[in-house]
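Assemble the complex: chain A is given as a structure, and chain B must be docked to it using the hints.
Chains A and B, in that order, give the protein sequences.
Numbering-wise, the working numbering puts 28 at position 28 of the first sequence, and it's gapless, one number per residue.
Numbering-wise, the working numbering puts 1051 at position 51 of the second sequence, and it's gapless, one number per residue.
Simulated from the structure, these hints should not be mistaken for lab results.
Mixed in with the good hints there might be a few duds.
Covered stretches of chain A, as calculated for chain B (at least 3 residues, CB under 8 Å) [to be verified]: (1) 110-117; (2) 142-150; (3) 172-180; (4) 183-191; (5) 199-211; (6) 257-263.
These figures come from a predicted structure and were not determined experimentally.
Every residue gets a Cβ at the ideal spot worked out from N, C-alpha and C, and that includes glycine.
Residue-level listing of the chains:
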Amino acid sequence: MLSLLLLLLPQAAAAPPEAIVRLRVECPPGLELYIDSHRSVEQGLVRHFHTPPLPEGRYSCRVAWRQGETEVACQQVEFAAGETVRVAYPGPDPVVPANFGLDLRQWRPAAKVSLNGQPISLKEAERLLDGPATTGPDLPSDGQRRRLTLIGPAAARQAVERELAGPLRELAADYLLKSYLPNDWAVRLAGFVTHGSPTIYAQEADGRVLFRQNDGQDLRRNLEAVRAPKGNYQPHLDPDYRRAAPPADEPSVLFPLLCLVMSAVLAGWLVRR
Amino acid sequence: MKLMLLAFVCVAATAVAGDTLVGGPTHPSGAEVDLDLPAERHQANMGGSDGAGLCVFTAIGMAADWAHLPGLVDFRDYMTRHPGGGYPEKVDRFLRRLCQERGLPEPAYLQIETKGLDLLAAAVRQGRMPAVTYTHSPTGRYGGRRIAHMVNLVAARAGARRLWAVLDNNYPGSLEWMTEAEFHACFSGLGQGWAVILLEPGPPPPPWNVDPSPKE
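Next up, chain A with everything else stripped away, as it sits in the complex (with noise of 0.2 Å):
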């Protein structure tokens, strides 16, 4: 809390903590506080000043709001060593709001982010949102990361996530794993099949399933699958536009078989003529 002197009596002689005197003062966003002319630098709705121990007497400081360079509102506070007085915003609109639990007299807004409580910077609140303490830079953000869901009874489950925390650990580093019982919302309302022992899906990022089965037996044989490359795949088949030709196909035998044989025909049907 800002600590000011606000007197117009003459200063202090040593006196009880309990002489101090607690101001807390209304001030609408984008406007500027002044305590006998001190421009207060806290921030919020409501702003809380206190004084040092005071003897026993009355005081009185004058409050001001102000706009850029004008005084909007103004007024005399008159209080007791050890009071505590609440000095509202003369305007005409309220300036504390209907609160339906933001507790603002104990909120003190000021820019700052942190882990559990303990203050982090806004570089790391970034990379926490994005994934977790193991992402490096060549790993998606949780966004993009493949699924992988178990439903079905806790000891079903739990056998699988043993596999997955331990022989298939490699494997499942490619997923964000998330376990449910089959009655739990987010599986019962979004179509998941629930009745396996468990039922274990993968998924891309955006839904699209990757392989499921309804037990856990042979997890490996689906992880490694999905993985593997697929058997389809030419890689001299794909275009590459720089080039000036598009690439040519795998020579094949049929076109210069099939000269031959028609070849062949019309010979003959010649000689036979």
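For chain B alone, coordinates are given in the frame of chain A:
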């Protein structure tokens, strides 16, 4: 010419005004919600032991439901035994307390106080549901007055119009769609916006496959 210009202005104005509305998971423009928490899972705000609202904890509970953290889904109900009102340090304190009482590991979560929207958009893009401050309703809820509230962000820069949508725990069962400028004003209307983001990913997308003939 003047008539054409007027017609164009009217159409343009209507199109822009039509972005902001209360609706469902699909906006009339075709934009789809990014984080489609079913209406049956929406929670309504309640009061704490002193009557003060629990919007912060209600929003975090719905985010936990999205992230499949079942031990935190009833965060709102847990907090009805305590005074209401939320702020970042209180979230830290009571999240820790609830997890300790229930023997749960504390989930990883961010608390961000910012005026910018890029981190929120990134969270939504990665399937995480932020709880965000909300200071007025652009569709006129709450009589148009200023509010101090926390809701869930369920769409960010969605569709061609880059729309945003919130799930307001005072209005469960519906979504409020708006432009980015409107959402920015709502989010940071208290001088700074505040968001709570659980880092556990959301549910898998609905399954589909290329072959139309079903296996089952």
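Hints and how they fare:
no. : hint    : result
1   : 110-117 : holds (count 8)
2   : 142-150 : holds (count 4)
3   : 172-180 : holds (count 3)
4   : 183-191 : holds (count 7)
5   : 199-211 : holds (count 7)
6   : 257-263 : violated (count 0)
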